[in-house]
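For the record, the sequence lines run as chains V, A and Y. Positions 1 to 405 (the working numbering) are the ones given, in order, by the first sequence. Positions 1 to 452 (the working numbering) are the ones given, in order, by the second sequence. Positions 1 to 233 (the working numbering) are the ones given, in order, by the third sequence.
Do not take every clue at face value.
Stated by the list, open to error - Keeping only pairs whose Cα atoms sit at most 30 angstroms apart, straight-line, the calculated DSSO-like set for lysine-lysine is:
| no. | chain 1 | residue 1 | chain 2 | residue 2 |
| --- | --- | --- | --- | --- |
| 1 | V | K47 | V | K11 |
| 2 | V | K212 | V | K187 |
| 3 | V | K310 | A | K356 |
| 4 | A | K356 | V | K14 |
| 5 | V | K11 | A | K11 |
| 6 | V | K271 | A | K197 |
| 7 | V | K14 | Y | K119 |
| 8 | V | K310 | A | K11 |
| 9 | V | K324 | V | K391 |
Claimed, not checked - Some chain Y residues judged to face chain V by a derived CB distance under 7 angstroms, without partners named:
| no. | residue |
| --- | --- |
| 10 | N49 |
| 11 | G66 |
| 12 | F89 |
| 13 | N93 |
| 14 | E185 |
| 15 | D186 |
Since the hints were made in silico from the structure, they are not lab data. We treat Cβ as the ideally placed atom computed from N, Cα and C, and that holds for glycine.
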Amino acid sequence: MEIKPIFLSLKQNKFMAILMIIQIAFTMGVLSSSVLVATETLQEWGKPSGIPHEDIVRITPEFFDENIDVGQALVRDIERVKNMPNVINVAPSNAVPFTAENMINVYLSNEEDAQEYKTVVFQSDENIFDVLQLSLIEGKQFTASDIIKGAEGTTPENASQVMISQDMATALFADKSPLGQTIWLAKNADPVQVVGIYSNFMTGERLNGRGKSYQSIIRPQVKWSQSRQPNYLIRVEPGKGTAMMEDIINVFYQERGRYINSSELLKRTQKRMYDGRGSRALTMLVISVVLLIITGLGMTGLTAFQVTQKRKQIGTRRALGAKKRDVMRYFLTENSIITFIGLLIGILVTLSITFELSEQASQNFMNVSVLLLTGLVMWVVNILAVWFPAKRAANIEPAIVTRSA
Amino acid sequence: MFNYNFQLAIKSLKDRPSLTFLTILTIAIGLGFYTTVKTMSYQGGQVPLAHKSKNIFLVQMDNREITADEVNHQSRLVDTTYKDTLNLMAMELPGVKQTFNWYTYGILNVEDKNINPVRTTAGVTSSAFFTMFEPPFLYGNGWDLTTEKSGEGVIVISKLMNDQLFGGKDSVGENIRIGTKVLKVVGVLDTWHLTRKFYDRGFRSASPDNFFIPHTFAMDNELPRLAGFDCWAADADIARSFRLENTQRLINSECAWVTFWAEIPDEQIENYQQQLISYIEEQKTFGRFPREILTYVTNLNDQFSYINGRNDFMNVFSIISSLFFAVCLLNAVGILLAKFMRRTKEVSLRRALGAKKKTIIAQHIIEVMIIGLLGGLLGIVVAHFGLQGMMNIQIYASDYTRRLEDMQPLFALDFTMITKAFATGIVCTLIASIYPIWRLCNTPPASQLKSQ
Amino acid sequence: MLRMENVSKIYRTELVETHALRKVDLHIKSGEFVSVTGPSGSGKTTFLNLAGALETFEEGDYFLDGENVKGLSDDKLSEIRNEKIGFIFQSFNLLPDLPLFDNVDVPLRYRGMSAKERKERIEHALETVGLASRMKHLPTQLSGGQQQRVAIARAIAGSPKFLLADEPTGNLDSLMAQQVMELLEDINSKGTTIIMVTHDDQLARRAHRNIQIFDGQVSDIEKAVANDVIRSA
Numbered sequence: 001m002e003i004k005p006i007f008l009s010l011k012q013n014k015f016m017a018i019l020m021i022i023q024i025a026f027t028m029g030v031l032s033s034s035v036l037v038a039t040e041t042l043q044e045w046g047k048p049s050g051i052p053h054e055d056i057v058r059i060t061p062e063f064f065d066e067n068i069d070v071g072q073a074l075v076r077d078i079e080r081v082k083n084m085p086n087v088i089n090v091a092p093s094n095a096v097p098f099t100a101e102n103m104i105n106v107y108l109s110n111e112e113d114a115q116e117y118k119t120v121v122f123q124s125d126e127n128i129f130d131v132l133q134l135s136l137i138e139g140k141q142f143t144a145s146d147i148i149k150g151a152e153g154t155t156p157e158n159a160s161q162v163m164i165s166q167d168m169a170t171a172l173f174a175d176k177s178p179l180g181q182t183i184w185l186a187k188n189a190d191p192v193q194v195v196g197i198y199s200n201f202m203t204g205e206r207l208n209g210r211g212k213s214y215q216s217i218i219r220p221q222v223k224w225s226q227s228r229q230p231n232y233l234i235r236v237e238p239g240k241g242t243a244m245m246e247d248i249i250n251v252f253y254q255e256r257g258r259y260i261n262s263s264e265l266l267k268r269t270q271k272r273m274y275d276g277r278g279s280r281a282l283t284m285l286v287i288s289v290v291l292l293i294i295t296g297l298g299m300t301g302l303t304a305f306q307v308t309q310k311r312k313q314i315g316t317r318r319a320l321g322a323k324k325r326d327v328m329r330y331f332l333t334e335n336s337i338i339t340f341i342g343l344l345i346g347i348l349v350t351l352s353i354t355f356e357l358s359e360q361a362s363q364n365f366m367n368v369s370v371l372l373l374t375g376l377v378m379w380v381v382n383i384l385a386v387w388f389p390a391k392r393a394a395n396i397e398p399a400i401v402t403r404s405a
Numbered sequence: 001m002f003n004y005n006f007q008l009a010i011k012s013l014k015d016r017p018s019l020t021f022l023t024i025l026t027i028a029i030g031l032g033f034y035t036t037v038k039t040m041s042y043q044g045g046q047v048p049l050a051h052k053s054k055n056i057f058l059v060q061m062d063n064r065e066i067t068a069d070e071v072n073h074q075s076r077l078v079d080t081t082y083k084d085t086l087n088l089m090a091m092e093l094p095g096v097k098q099t100f101n102w103y104t105y106g107i108l109n110v111e112d113k114n115i116n117p118v119r120t121t122a123g124v125t126s127s128a129f130f131t132m133f134e135p136p137f138l139y140g141n142g143w144d145l146t147t148e149k150s151g152e153g154v155i156v157i158s159k160l161m162n163d164q165l166f167g168g169k170d171s172v173g174e175n176i177r178i179g180t181k182v183l184k185v186v187g188v189l190d191t192w193h194l195t196r197k198f199y200d201r202g203f204r205s206a207s208p209d210n211f212f213i214p215h216t217f218a219m220d221n222e223l224p225r226l227a228g229f230d231c232w233a234a235d236a237d238i239a240r241s242f243r244l245e246n247t248q249r250l251i252n253s254e255c256a257w258v259t260f261w262a263e264i265p266d267e268q269i270e271n272y273q274q275q276l277i278s279y280i281e282e283q284k285t286f287g288r289f290p291r292e293i294l295t296y297v298t299n300l301n302d303q304f305s306y307i308n309g310r311n312d313f314m315n316v317f318s319i320i321s322s323l324f325f326a327v328c329l330l331n332a333v334g335i336l337l338a339k340f341m342r343r344t345k346e347v348s349l350r351r352a353l354g355a356k357k358k359t360i361i362a363q364h365i366i367e368v369m370i371i372g373l374l375g376g377l378l379g380i381v382v383a384h385f386g387l388q389g390m391m392n393i394q395i396y397a398s399d400y401t402r403r404l405e406d407m408q409p410l411f412a413l414d415f416t417m418i419t420k421a422f423a424t425g426i427v428c429t430l431i432a433s434i435y436p437i438w439r440l441c442n443t444p445p446a447s448q449l450k451s452q
Numbered sequence: 001m002l003r004m005e006n007v008s009k010i011y012r013t014e015l016v017e018t019h020a021l022r023k024v025d026l027h028i029k030s031g032e033f034v035s036v037t038g039p040s041g042s043g044k045t046t047f048l049n050l051a052g053a054l055e056t057f058e059e060g061d062y063f064l065d066g067e068n069v070k071g072l073s074d075d076k077l078s079e080i081r082n083e084k085i086g087f088i089f090q091s092f093n094l095l096p097d098l099p100l101f102d103n104v105d106v107p108l109r110y111r112g113m114s115a116k117e118r119k120e121r122i123e124h125a126l127e128t129v130g131l132a133s134r135m136k137h138l139p140t141q142l143s144g145g146q147q148q149r150v151a152i153a154r155a156i157a158g159s160p161k162f163l164l165a166d167e168p169t170g171n172l173d174s175l176m177a178q179q180v181m182e183l184l185e186d187i188n189s190k191g192t193t194i195i196m197v198t199h200d201d202q203l204a205r206r207a208h209r210n211i212q213i214f215d216g217q218v219s220d221i222e223k224a225v226a227n228d229v230i231r232s233a
């Protein structure tokens, strides 16, 4: 390849070359820092929920009137909601998908040094499977007779059987069959028996952030106290959720002396789960893309300018035997050399930005493959940016050389 | 001469309108984004109570056990114990005001069955809170010391609560309930703009609390205490329970959980610190404060500069926006160069006809100034939309829990920022044009003519 | 060596058709030194462009070294220019960014020669024109005559079958013009065919044969005798 003459030519046009190199370096710095931060923040982002979250309404009530019998209210609530049109099913649950943050450790033995497994326990009744549309993978599914109901402190205190999610089963037992196995829901305490496995669903951010999004346990019990009442998960006819929201809230307010703390479609709960980091990372990405476009246009402009300046030279090369593709290749190679140098400096810029960032956030943002991929994207964008002016250069008539200056 | 140069500049701007427009657009986008970020960090970093922020101090004393970890920054030291809070409040120094607070939450409701209750967080504090932190009142006032001491149930509510529970009317004197406990409204706050909610030491960019009640009422009625309790080993096990119960044990404990503030006039600052040390020395005789004496009396300015410096997101954004602007300017240099170099022939002819270098420079500087001016104007428009966009993103990211009226001041382009943006636009465009103009005016006269 | 049969070139714009060349018949033998003269606008430049395969034409046939150039692809034309023709222009058309060595290197690169062969040829060509010692210099550091000699070196480095010179002395003073002419004659004497377009009758007369173009038509005047007279003088 004709790299040496291109270098010689660049040496004569230092300013232009430096201008382009700095532009590319800065753009690379901004783009790759954003992409690195975004990849790091957006990991475990937007994963499938495993449930029809657009058609499930979540209601979280809170009693402030101490004279109300929460257990009675619970029965009345469920009765009322079930009688509403378009409601398919309702289940009380201590936790809500996408926001189940009450992470606990479970163990496979009651020894002191037993290994910890992170999970979230959903306490609910037999309807949870229908509401969340979970499918039974193995073993048995809880029925009404398995459910333990009562105020906290009344016996029986807790259910002795649980079902676990597929991912939980894999994490705990790998290839072994989990059915009939015992797990401890606390260190040295609370042993329960696994009786069934259900399909995965998203728990919440704390497990998600650890890459264990789908590890959950369902315990067939509904417990309450004055300060703690279950949430309600209500599945409605597809698409009806938004319109029904107000009616559902009113139904719950029929029980006075309490406040509806939270009332929303799980779709919104899901949005909130990813929101904060998502919108920041996406903002940075959008800005980077705008910058990439500006830089691309800049490259097109500068190259077009150079082509105009060098018409005669290009014609001379054509006259001396350069084929059209040789001319194209000349500009693309020249640009690639500039891009390459720019990218090298850009990587240094990125390193210093991400180093600073990693120090501050005590989180490692560096990811070599993402960095290289970003470099590749920049290179492709630059090639595209130069393609059109280069094409124009290739179409310069060789006969231009015989015209007088 | 100026007129002639001006005409030439206008003509040359019109000459290649697409290039001119591209230059202006590049500068505008770069400047717009740069100004957006600068405005966000400028507005977000503004210290509340600017007129006396240097006299508002967070007071901290190290009452931890001897075994506790070394602390080398104010932000790492624990809050104040309830005992010390009461003792310090009793200390009287001329011109010094003191207050303290912690968090609670409650379900606000009214008799009217048609109005749904609202659950919200609240500040538990003392009467001086309102005179020290100066929240704006729509109706009524804060409570006075006598009321506070009596333990009477009085409450100051936010505009939002007043709108939701009382339909926005003057509700001073009305009854309101926290759960089932009845309180009397003594004041309604107007929208209180705080760049950061500083008074709870959290410095989060969140809206201020929705109601405020006296600490006496909160303790008497055992309202929940949303605080982190830094306890000695003896109480560490039950620390969590202090949120809802064990009030008496908490009062007697060495657990630190109250945020303590003082407003100290300049001349009293030294004295105040001295008083703190004498207080600690006195307490040492009762076996408290086992560690070497350590106090932090930090004013709002210092706390804000520490917090702003640690705003990773804003810092990254600042770097990125500067680089972004730099790329846009480099782009402008390229386009200007391209635009000007097309003109070498004309310039060398003018030079041959007797135009001085100075004249050529003047002509092009006028042209560049016009570009910078238009770029600056458009950049401010871009910044305006950029800020609106950023605001909406943040409202979206807060899941609509923060309202437009709370957010607007944080994203407002004020006169200072507009002036700065404008000046930046023109100066940077001029800098960007140095090389192209230099190249152009160094065209030797008639150099381009000989091959004609 | 070079044969044009019935070659016509028409430039079309939306409004007019210009017949730049009409039915040209021409035969130039190997080793000849032919001058082409004619007033401005006569079609000289068009003739040059066609002869140098810089432009295509619609009518007639043009055989260059036995190969019909008509209708060849752009790539093929590039190859022909590169291998068979050496160009010398009035305004030299050196690449200003490249030192002499690399300027001469340009056509050889497109030929795809090995680095070693290129180096030998470049050095030899620059020696021929007497500029071997200055091969690291940039064109702007040279006088006009020297620049044209570099252009000649570039034209002959690839050992083309013929040289196409377009007013080679047009931008030079008479002393330098003399040197350049001598160089061309020297090259011709070693067997390279030369076609030189000029408006200078005196120069034209130094060629073996003079072709005149007038209003797009070629008249071929046998000048061999006259030339011999001038040479011996």
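Each hint tested on the structure:
1. V/K47 <-> V/K11: violated, 51 angstroms
2. V/K212 <-> V/K187: holds, 20 angstroms
3. V/K310 <-> A/K356: holds, 29 angstroms
4. A/K356 <-> V/K14: Answer holds: A/K356 to V/K14 is near 28 angstroms, not above 30 angstroms.
5. V/K11 <-> A/K11: violated, 35 angstroms
6. V/K271 <-> A/K197: Status holds; Cα separation ~25 angstroms.
7. V/K14 <-> Y/K119: The given pair, whose Cα atoms are some 27 angstroms apart, holds under the 30 angstroms limit.
8. V/K310 <-> A/K11: holds, 26 angstroms
9. V/K324 <-> V/K391: holds, 8 angstroms
10. N49: holds, 5 angstroms
11. G66: violated, 19 angstroms
12. F89: Nearest chain V Cβ about 6 angstroms off; hint holds.
13. N93: Y/N93 check passes; min Cβ-Cβ to chain V is 4 angstroms, inside 7 angstroms.
14. E185: Interface hint status for Y/E185: violated (23 angstroms vs cutoff 7 angstroms).
15. D186: violated, 22 angstroms
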